[in-house]
Amino acid sequence: MSKTYYDPADLRKFGNITEWSEELGNKFFDYYGKVFEEGALTAREKSLIALAVAHTEQCPYCIDAYTKDGLQRGVTKEEMMEAIHVGAAIKSGATLVHGVQMMNKVNKLDG
Amino acid sequence: MATATKSLKKQGSELAKSNKQLEILSNGIFQNGELPTFKKKISETNQFPLKAKKLEILQINVGYMCNQVCDHCHVDAGPDRKEIMTRDTMRQCLEVIKNTGAHTLDLTGGAPEMNPDFRWFVEEAAKAGIKDFIVRSNLTIIRANKKYYDLPDFFKKHNVHVVSSMPHWTRGKTDKQRGDGVFDKSIKALQELNDRGYGMPDSDLRLDLVYNPSGAFLPGDQASMEKDFKKALLEDFNIHFHNLFAITNLPIARFLDYLIASENYEDYMYQLVEAYNPAAVENVMCTNTLSVSWDGYLFDCDFNQMLELPVNSKVKHISEYNEDLLEGRNIVISQHCYGCTAGAGSSCQGSVA
Numbered sequence: 001m002s003k004t005y006y007d008p009a010d011l012r013k014f015g016n017i018t019e020w021s022e023e024l025g026n027k028f029f030d031y032y033g034k035v036f037e038e039g040a041l042t043a044r045e046k047s048l049i050a051l052a053v054a055h056t057e058q059c060p061y062c063i064d065a066y067t068k069d070g071l072q073r074g075v076t077k078e079e080m081m082e083a084i085h086v087g088a089a090i091k092s093g094a095t096l097v098h099g100v101q102m103m104n105k106v107n108k109l110d111g
Numbered sequence: 001m002a003t004a005t006k007s008l009k010k011q012g013s014e015l016a017k018s019n020k021q022l023e024i025l026s027n028g029i030f031q032n033g034e035l036p037t038f039k040k041k042i043s044e045t046n047q048f049p050l051k052a053k054k055l056e057i058l059q060i061n062v063g064y065m066c067n068q069v070c071d072h073c074h075v076d077a078g079p080d081r082k083e084i085m086t087r088d089t090m091r092q093c094l095e096v097i098k099n100t101g102a103h104t105l106d107l108t109g110g111a112p113e114m115n116p117d118f119r120w121f122v123e124e125a126a127k128a129g130i131k132d133f134i135v136r137s138n139l140t141i142i143r144a145n146k147k148y149y150d151l152p153d154f155f156k157k158h159n160v161h162v163v164s165s166m167p168h169w170t171r172g173k174t175d176k177q178r179g180d181g182v183f184d185k186s187i188k189a190l191q192e193l194n195d196r197g198y199g200m201p202d203s204d205l206r207l208d209l210v211y212n213p214s215g216a217f218l219p220g221d222q223a224s225m226e227k228d229f230k231k232a233l234l235e236d237f238n239i240h241f242h243n244l245f246a247i248t249n250l251p252i253a254r255f256l257d258y259l260i261a262s263e264n265y266e267d268y269m270y271q272l273v274e275a276y277n278p279a280a281v282e283n284v285m286c287t288n289t290l291s292v293s294w295d296g297y298l299f300d301c302d303f304n305q306m307l308e309l310p311v312n313s314k315v316k317h318i319s320e321y322n323e324d325l326l327e328g329r330n331i332v333i334s335q336h337c338y339g340c341t342a343g344a345g346s347s348c349q350g351s352v353a
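Note that the protein sequences, when read in sequence, are chains A and B. By the UniProt record's numbering, the letter at position 5 of the first sequence is numbered 5, and the numbering carries on one by one without gaps. By the UniProt record's numbering, the letter at position 98 of the second sequence is numbered 98, and the numbering carries on one by one without gaps.
Below, in silico cross-link-like pairs of lysine to aspartate or glutamate (EDC-like), each with a Cα-Cα straight-line distance of 16 Å or less:
1. B:Lys127 - B:Glu95
2. A:Lys77 - B:Asp175
3. A:Lys13 - B:Glu274
4. A:Lys68 - B:Asp221
5. B:Lys188 - B:Asp175
6. A:Lys46 - B:Asp221
Simulated from the structure, these hints should not be mistaken for lab results.
Isolated chain A, as found in the complex (with noise of 0.2 Å):
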């Protein structure tokens, strides 16, 4: 067994999935191919959106996979960065505005 959690390798395994649950597999492929599609956005803008959320996910092989993907696109490594920042502004966010829920218990409870 390795002694790590994640192995770079096992990205190109992720296919593999399939062989313990096949259809529900073929499912997941085909929709995850589809909703790549170019469509009413680009592939570049989805492909963004996805090296954005790999982040605030922390999926190292997503990341490894998106970064790639966006290099074959063009896309520089400045949009690269401006992506993972609406991640990360969207993530604090989401923790600062809970301290509206934190001042709200704090004003019932000691107000």
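Chain A is already provided as a structure; the job is to place chain B on it using the hints.
For chain B alone, kept in the frame of chain A given last:
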């Protein structure tokens, strides 16, 4: 990737030797069976051996000397390379150009313009009236020295189809791959070509750009990249061009050196093999192209030329050229060929599938 100033050959690097490169491409992950060899892969779809079809494109490399030392260069070209086609070999090429059934003549290098007999050769070759006469110009050569300033007019006079490398529409990515100042010079050169009518909408003066990735990743979809390049170059610099060819970097010469040094070699080979597309094999360029080296020898493609893998035919040299004898020959392959069959495929004319 850092920009070098000397070719691998000048540095005395082991990787300047073609047999060393071929050894790397045959060993490791391809020897232990982790990845299938190219021969095995195309055999699975009954596409082995690859056979040369009717010749359509005659590509002539007039020398490895170049004013640039690009990181990814499969030729290992640079100012220190001395391999230059002589006028005598050019004369032998002209005999073939006059009689060939090929519809495209494609001059490449190095920077072909640095060959002292380049203009003479273009003037003579243009007389043959081949339908599509390409010169692969790196753009900066036009601004490199006063003696090259009139190249746009020269190209126009001979109705040359200009195909030029442009790694990205931003300065940073372009200069990283091709050297400081390359972006600004390239923009200026493109504007001068546009001024002569090159690349303008509805113009017959063809100007196409070649995009190849700046690192260890494959090119994206050619049509999408073309759209992005056109939008950015028009908005930022009022530059027009016709088509963008997205070309995959093949793991040879300086790109192979970079892949190994950056520990990307195995991942890159995995990417190429995973993106293998049998439909691209059908139209791979070696089946309709012949590559002539600076000293007149014949190869299935420019990459095989750099790996010193000559054509598998009785005819080895331009002086003994015979189109009928060359047709149907078995193409010489190795693992670098995966570069031309990945995704939408790759050729000197861009995607093939």
